[in-house]
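Trainee: Each chain, written out:
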Amino acid sequence: MTDKIPEEELKRLERVGYDSSGKLHRAGSFLITDDQIVETEKKEKDVEVLPLKKALEVYPWVEELMFRAVPKDKDEYTKIAAKNPPIGYFIRALPGAKVKAPVQACFFLKTTRFSQVVHNIVVAEPGSELHIITGCISAFYVKEGKHISLTEYYVRKGALLTYSMVHDWSYEVEVFPRSGAEVEDGGVFVSNYVALTPAKKVQSYPLARVKKDGFAGFYSIVYAHPDTYFDLGAATLLEEPGARGEIISRVVSNGGEVISRGHILGAAGKTAGHMECSGLLLKDEGYIHAIPELKGATSDTELSHEAAVGRIAPEEISYLMSRGLDEESARALIIRGFLDIKIKDLPEELQKSIDEMIKTATSGGAI
Amino acid sequence: MSGKLRDESKLYDSPPYILEVEDLWVKAGDNLILKGLDLRVGVGKLHVIFGPNGSGKSTLLGAIMGLPQFEVIKGDIKFRGRSILGLSTDERAKLGIGLAFQRPPLIKGVRLRALLATLNGGDAKIEELADNLDLKNHLDRELNDGFSGGEMKRSEILQLLVQRPELILLDEPESGVDLENITLLARFIGELLERGKHIVDRKRSGIIITHTGHILSYLNADIAHVMMEGKILCHGSPMDVLHQIKAKGYKECVECLLAEQSKEEAA
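Protein chains in written order, with the working numbering: chain R, -12 to 354; chain P, 2 to 268.
Since the hints were made in silico from the structure, they are not lab data. Don't be surprised by glycine CBs; every beta carbon is placed ideally from N, CA and C. Incorrect hints may have been included.
Claimed, not checked - Derived lysine-lysine pairs resembling DSBU-like cross-links, with alpha carbons at most 35 Å apart: (1) Lys188(R) x Lys282(R); (2) Lys109(P) x Lys257(R); (3) Lys232(P) x Lys204(P); (4) Lys75(P) x Lys270(R); (5) Lys187(R) x Lys126(P); (6) Lys137(P) x Lys346(R); (7) Lys329(R) x Lys126(P); (8) Lys346(R) x Lys109(P); (9) Lys137(P) x Lys329(R); (10) Lys270(R) x Lys28(P).
Said to hold, decoys possible - Here's a subset of chain P near chain R, in silico, CB distances under 8 Å, partners left out: (11) Lys95; (12) Pro106; (13) Lys109; (14) Ala115; (15) Ala118.
To be verified - Restraint ranges, calculated between C-beta atoms of paired labels, are given here: (16) Ala300(R) x Met240(P): 37 to 45 Å; (17) Pro58(R) x Pro106(P): 44 to 52 Å; (18) Leu107(P) x Lys346(R): 19 to 27 Å.
Bound-form chain R, shown alone (with noise of 0.2 Å):
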């Protein structure tokens, strides 16, 4: 099916870890470009990968999860995403399944000023393990365009999912993911969000509700180009006895505009939430504006967070060149070590795509 994709693109889709060869081992694969579902494949019998449409003919409690973790009139674009028909994956790992190959997805804008749509539905059945990595790329020649998603996850009792979401956007196209989260009793749900080409501008804030001993992790890294503005962050509401959160940011500003924000809600006993923003600040144009937010609701919560924003130091270089490293060098390795916060529970294949990307954006002209 992928066929159609012309070589050049195919190698993008690489990058984002969607893999069309069929060498690297995937649970299944859903491949959208524009508004065109692509592909949809399965290859391991507990997991399911459908059209959400065809979820929601084949299963009649789908319904109940449309608009449940992001509501309908949240925003101008969930409005949209309401609006239109939906188009988007319904993934799914049946109880007590443990996926350990990633399923694949991948939306790509491949024309002109296309405006993409997508709605999409995630359960992780109680006890069940699932791993989803969604690139998001549009094609080189497109000038203009907007990408807007909404996303639920579903993760039950006891289940694991983590979701990692690669964008590797260009100027001048503006996305609108929207999502949110479900942690059931002992659920734990881990969002990964990697951006280090340029958008003209991503805006995403996603919101995990967390029950008893559960638990949310937000890790992202982005890289802002001249240009780029990202207003990106998450929440997390610990809403029962022993629920855990985490959100983690690492944020470099090669001159382009970036809000990291953060919110956590310690509402009962027990909960326990840790917040990191770090920005490094590569020029004097463009800014970093870390909001972390606490909020204890109870005594018995313990939320804490750090944040620093900052340029690198002239010793911590005039360091690195004493070993014989020139200045370049020595700038991009501390950058691509800022930038390395070794992803939990990340498919070594997209790793390895994260780090080359991340050799990319830090090499060359780039910095």
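With chain R's structure known, arrange chain P on it following the hints.
Mentor: Coordinates of chain P only, in the frame set by chain R:
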């Protein structure tokens, strides 16, 4: 006095020189720190520089390394006979100059292993060297993040062992290191400087700065200098000079040594 000290015969080392510092004047910010310093280091020799805090010892090493906070306003620094004043820090490192910092900076994100890999192009032996210096568990830690004083100093020596410079500048290598670790540290500094080799086979040269002199109990240096107020005022054998300083303090030591030197000259 300084005229006499610049006399070839009074520089206390013999050619071929790896390093020649001539009438060096250096500023750090608005402060004039070095005021006409002369020093020559022969190939294979280890010099030690004593001096009170603020005498300009670290400035001298920083200026030789070409660290940007030090500005040379007069004089020259030659490495293997060639002036290096126009070279950047990394170019000097590539020529073969290495510095063990007194207080290396904490560099978040940069793991010791990643830095070592860039220094030797991914050549092996890193594990073995780290193990020798009791730093195996530090390879995957961020540079100097939570390192103790001793660990920092050993990490500096480990980096130099991988870098393999020909002129090794050691800025207070023993400060903040507990006694039992000084032995280990001194052993590898000795290895770095090929002190185990016969004197004629030593190719690596060094300058050690110390104000306690502890390291000299474990490492033989060839020549000692005393530095005060931005100048090298006198020279001698390391143990003699150290004893003088311990017995009389810097000021008297300098006066005494100068008197000795003029007696020798007269003789």
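Trainee: Against which earlier hints does the structure fall short, listed by number upward?
Mentor: Going through the list in order, the structure violates hints 5 and 15 and respects the others.
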